[in-house]
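Chains as they are written, first to last, in our numbering: chain A, 1 to 148; chain B, 149 to 296; chain C, 297 to 444; chain D, 445 to 592; chain E, 593 to 740; chain F, 741 to 888; chain G, 889 to 1036; chain H, 1037 to 1184.
Keep in mind that the hints were calculated from the coordinates and are not lab data.
Honestly, I wouldn't trust all of these hints.
Said to hold, decoys possible - Derived contacts from chain H toward chain G, CB cut-off under 10 Å, selection only:
{"#": "1", "residue": "Leu1062"}
{"#": "2", "residue": "Val1070"}
{"#": "3", "residue": "Ser1076"}
{"#": "4", "residue": "Ile1083"}
What the hints assert, rightly or not - Capping the alpha-carbon separation at 30 Å, the derived lysine-lysine pairs in DSBU-like fashion look like this:
{"#": "5", "chain 1": "C", "residue 1": "Lys300", "chain 2": "E", "residue 2": "Lys646"}
{"#": "6", "chain 1": "A", "residue 1": "Lys4", "chain 2": "A", "residue 2": "Lys86"}
{"#": "7", "chain 1": "E", "residue 1": "Lys678", "chain 2": "E", "residue 2": "Lys646"}
{"#": "8", "chain 1": "A", "residue 1": "Lys86", "chain 2": "B", "residue 2": "Lys202"}
{"#": "9", "chain 1": "H", "residue 1": "Lys1040", "chain 2": "G", "residue 2": "Lys892"}
{"#": "10", "chain 1": "C", "residue 1": "Lys350", "chain 2": "C", "residue 2": "Lys382"}
{"#": "11", "chain 1": "C", "residue 1": "Lys350", "chain 2": "G", "residue 2": "Lys942"}
{"#": "12", "chain 1": "B", "residue 1": "Lys202", "chain 2": "D", "residue 2": "Lys498"}
{"#": "13", "chain 1": "G", "residue 1": "Lys892", "chain 2": "G", "residue 2": "Lys974"}
{"#": "14", "chain 1": "A", "residue 1": "Lys4", "chain 2": "H", "residue 2": "Lys1040"}
{"#": "15", "chain 1": "A", "residue 1": "Lys54", "chain 2": "A", "residue 2": "Lys4"}
{"#": "16", "chain 1": "F", "residue 1": "Lys744", "chain 2": "B", "residue 2": "Lys152"}
{"#": "17", "chain 1": "H", "residue 1": "Lys1040", "chain 2": "H", "residue 2": "Lys1090"}
Ideal Cβ positions, reconstructed from N, Cα and C, are used throughout, including at glycine.
8 protein chains.
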Amino acid sequence: MALKVYLSGEIHTDWRDQIINGARDLDISFDSPVTDHDASDDCGVAILGREDSKFWHDRKGAQINAIRTRRGIEQADVVVVRFGEKYRQWNAAFDAGVASALGKSLIVLHGPEHQHALKEVDAAALAVAEHPEQVVQILRYVLTGALP
Amino acid sequence: MALKVYLSGEIHTDWRDQIINGARDLDISFDSPVTDHDASDDCGVAILGREDSKFWHDRKGAQINAIRTRRGIEQADVVVVRFGEKYRQWNAAFDAGVASALGKSLIVLHGPEHQHALKEVDAAALAVAEHPEQVVQILRYVLTGALP
Amino acid sequence: MALKVYLSGEIHTDWRDQIINGARDLDISFDSPVTDHDASDDCGVAILGREDSKFWHDRKGAQINAIRTRRGIEQADVVVVRFGEKYRQWNAAFDAGVASALGKSLIVLHGPEHQHALKEVDAAALAVAEHPEQVVQILRYVLTGALP
Amino acid sequence: MALKVYLSGEIHTDWRDQIINGARDLDISFDSPVTDHDASDDCGVAILGREDSKFWHDRKGAQINAIRTRRGIEQADVVVVRFGEKYRQWNAAFDAGVASALGKSLIVLHGPEHQHALKEVDAAALAVAEHPEQVVQILRYVLTGALP
Amino acid sequence: MALKVYLSGEIHTDWRDQIINGARDLDISFDSPVTDHDASDDCGVAILGREDSKFWHDRKGAQINAIRTRRGIEQADVVVVRFGEKYRQWNAAFDAGVASALGKSLIVLHGPEHQHALKEVDAAALAVAEHPEQVVQILRYVLTGALP
Amino acid sequence: MALKVYLSGEIHTDWRDQIINGARDLDISFDSPVTDHDASDDCGVAILGREDSKFWHDRKGAQINAIRTRRGIEQADVVVVRFGEKYRQWNAAFDAGVASALGKSLIVLHGPEHQHALKEVDAAALAVAEHPEQVVQILRYVLTGALP
Amino acid sequence: MALKVYLSGEIHTDWRDQIINGARDLDISFDSPVTDHDASDDCGVAILGREDSKFWHDRKGAQINAIRTRRGIEQADVVVVRFGEKYRQWNAAFDAGVASALGKSLIVLHGPEHQHALKEVDAAALAVAEHPEQVVQILRYVLTGALP
Amino acid sequence: MALKVYLSGEIHTDWRDQIINGARDLDISFDSPVTDHDASDDCGVAILGREDSKFWHDRKGAQINAIRTRRGIEQADVVVVRFGEKYRQWNAAFDAGVASALGKSLIVLHGPEHQHALKEVDAAALAVAEHPEQVVQILRYVLTGALP
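Pulled out of the complex, with its shape left as it was, chain A reads as follows (with noise of 0.2 Å):
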């Protein structure tokens, strides 16, 4: 068995690469959003030109980046969402509906802090963990039936 994952949400600390370093040597193929945060806002401006409104500028990088994420969550067995300390994070809630109504297996991985806030979006996860290490427990784990 080979699963495709995809990492979604939070991109200011190392949780994907803990994932990525702790399951290589798993049958996994991982795909993300594009993670270099000022690249990710302006892409849309510096490809298809400059806009003086900043609603429009951000709304020609967010659909420049939606290929992309569409692309990873269609294609997806299981898809991650990690929410982290700062910011809202708005899409990151945004990718497990879609993960949710496209059938995906859902992770949440949080903090406790978050629980309560959180708790529509977990109802429709099959797993909630709060620590990057607890993901490739279950990827292992669902490949392999070895536990830790």
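Following the hints, put chains B, C, D, E, F, G and H in place on chain A, whose structure we already have.
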């Protein structure tokens, strides 16, 4: 033409009433989540029995609320998602993701201060409004062709 | 809001009547399989001609019953599956699998003695109840927001 | 032609090995659930933390197992579901319901003593076999046209 | 419970009338193709202009008839396909294939002389009947649980 | 039998009125885009605020119009697309593509001068008519079997 | 570009070999039903045990053959259905209906004598050919743009 | 990450070559329609026999071309549609509609002179570019995160 509209998101102001009242001469049926905050939080344990853990307390409630939310979004032609001043409102962004993945026409309603943080959600929407009366105007135009 | 509810599973107690009576003031239409055990077993051969083999006797009946079951589940918003004291009730678990794969809101109804054996079915459900009146309370809450 | 086959159900006899060995010259990739009973029961708490309640202990495990099961069934061309002598095996019947609703080719494998109880499941299948070697013969015929 | 039933196939005997009359006390809405053979053959050229080639004459008509057939099958809960004594009736078998692929409940109606030739079509059906009154009995049982 | 028909395309002649009037004795409900050219062009900025750039002015309007178009096409049994004398009418061809991909019965209405340029669109249609009264005749035949 | 092509229908002439040989320089993978008539008729009872009734003898075989047919059609880009001189070939028309409902590109292959009887099937096809070499020419053109 | 990109629309300039060459270091497989105008127009009659009527001449060709187009769009992650200077290019807008309805990521490529006429098509796109090199930049960013 008639429309089914689901009103998702913030439950602490009267934006739903403004829209429903403003559109009361139109052929629209509105659905919403349960907007009584306490009932929404406690429905799970009130019906299915108490839990020691807040996590499972929340889970039981969120899953019962999902029965209503899922049906409301699946049957809607248009899903309006409102982001307010307070709380993290991840459930609103999650609903927007579900609506988007199901191919629903999405209208997002929020103040200008959330524009950058909501850019991915806005990019999936057919309209981004700031005021409930704009949503009424959109619905009126869609159904009758009349502009304000 | 109105709901379509399909009541699947055990046919030897009056749980369906309890739910239908308890919810008679709500805007719900209920469907069920044929609950006359003998008619359900023999409908195939009674209409399409006798079979020497019990296997084909059963097959003919099960396929005619599937016309009703399939339509009931496909059109439902909510599927309630009841597991009772007796028999193996594999058809109930099969219906739950169908409902889950079709994205229906699933409510499972069974006593605590079956908790471990039904863990995979329960894990696909939005609510696990022990008593028919809890199902009524869930439906009432979903439709009206009222708690018991 | 190549086939993907998911082997669902009973985990206490060597029927999977018999099928996989019997079909080892055919172009088939097999998937299965985790068949280590203890690991399967405890994976949730082993990875995500212990629970006081057996209900949530089971829930956590069943949901992690669902990641593997869901992927296995969704990607399969053929789903074989085995009902054995022991236990209630509601998860097997649930998997059969999922496979049926997803339009998978279903093969059911059980002894004659379960024929009446499994009539609804059998009625959704394209073949009902008693012995694992019959499943091998079906797969061989489907891929090569050769009969035993 | 109400049913939508599409009556496909042979148009030279009164089998549709027998079923509709026999079921007139049941909550069923019936649809059928246009059963006027000449109108059905010539509708294309009568409306859209004559063709020199019989092939395109037939094509124009068949495509207009497809508007009705497609809608009838797509909206049906049950599709009954009748194979009669005469003609090749490939359109009947084609309709059965469409109904099967769309997951409709299929009832096939034909005499025993066609059993071997129709084995693939019958194998996709939930009931194979010889007489129109058996179809009525099936529909009555499905809706009311009453046996003949 | 009843039909839902969406009338897409050219908005500068009275072809919609001709069809609706001609079919007024039939059980058909018609939907159309907003056919007031100015309202259709300006709805976005009139409701959601002015834009300096014509591109975003157009975008805002086109997306609001898409709420109506999407719903109209998705709920239709039959989509009629009219190509007139003037303008490029890419939105008409776009609607035809959407209708085709959704499996709707497509009727294309245009003069012979556009035959070669519309060959790909016509090839996806079940009927290609030149005059609105032919569309009425098709709808009448589909619903009643009567030929002109 | 590569293509998957399923060759359905008549099994008594060498039309499949003609197509496969003619296209052997193209990037196409072909699938077909089992074309050994006796094996195809008897596979059910040979593997799953004899039946007294010819009806169930046929059923068992047809359902095992459906495992191969279903997979072949579902994974195909193009389905070619051949109608020959002999037999009623309802299974060929059934396969064409399945292919059409699944949105596959359908090519029908038959002599001019069947044109009127096959008009509904032809009307669902993207090409109607008389000779296997025409099918090869179509496939070659689709893949390479080269005309004969 | 790898991408499948379908290049639809104008066939009289070298825009496809510019994109394919510009992206030759990226993990992308490109598909296109047959871009030989004469072959594309005449493929139907060249293979399936001549037609007296230009309408059916065109139909035969357009349907064979649809085999390639349909497969190209259905398997693509991204569909780029180019509108050029000449012709009406309704097939390009039709392809855009198909791509949109199938949920593909749509990139539209056209000069500023077509902005108003293409507003509905653009409104369904995730990016609107003027130059082929912008499409290359988008694809490079989507796959690698690198900006120009």
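These are the hints, each one checked on the structure:
The beta carbon of Leu1062 of chain H comes no nearer than 18 Å to any beta carbon in chain G, farther than 10 Å, and the hint placing it at the interface is violated. The interface hint given for Val1070 of chain H is met, as the beta carbon of that residue sits about 4 Å from the closest beta carbon of chain G, less than 10 Å. The beta carbon of Ser1076 of chain H comes within 8 Å of a beta carbon in chain G, closer than 10 Å, and the hint placing it at the interface holds. A distance limit of 10 Å between C-beta atoms decides the matter here; for Ile1083 of chain H the minimum to chain G is near 5 Å, and the interface restraint holds.
For the suggested pair Lys300 of chain C and Lys646 of chain E, the alpha carbons sit about 50 Å apart, so the restraint of at most 30 Å is broken. With a C-alpha separation of about 27 Å, the suggested pair Lys4 of chain A and Lys86 of chain A falls inside the 30 Å cut-off, and the hint holds. Among the hinted pairs, Lys678 of chain E with Lys646 of chain E is consistent with the structure: their alpha-carbon atoms are about 22 Å apart, no more than 30 Å. Between the alpha carbons of Lys86 of chain A and Lys202 of chain B the distance comes to roughly 23 Å, so the proposed pair stays at or under 30 Å and holds.
Taking the CA atoms of Lys1040 of chain H and Lys892 of chain G, the gap is near 17 Å; set against the 30 Å cutoff, the hint holds. Proposed proximity of Lys350 of chain C and Lys382 of chain C is supported: the alpha carbons are some 22 Å apart, at most 30 Å. Restraint check for Lys350 of chain C and Lys942 of chain G: the C-alpha separation of about 16 Å stays at or below 30 Å, so the hint holds. Proposed proximity of Lys202 of chain B and Lys498 of chain D is supported: the alpha carbons are some 16 Å apart, at most 30 Å.
The straight-line distance between the Cα atoms of Lys892 of chain G and Lys974 of chain G is roughly 27 Å, inside the 30 Å bound, and the hint therefore holds. With a C-alpha separation of about 17 Å, the suggested pair Lys4 of chain A and Lys1040 of chain H falls inside the 30 Å cut-off, and the hint holds. For the hint linking Lys54 of chain A to Lys4 of chain A, the alpha-carbon distance of about 35 Å lies beyond 30 Å, and the restraint is violated. For the given pair, Lys744 of chain F sits about 17 Å from Lys152 of chain B by alpha-carbon distance, which is consistent with the 30 Å threshold.
A hinted pair counts as satisfied when its Cα atoms are at most 30 Å apart, and Lys1040 of chain H with Lys1090 of chain H does not qualify at roughly 35 Å.
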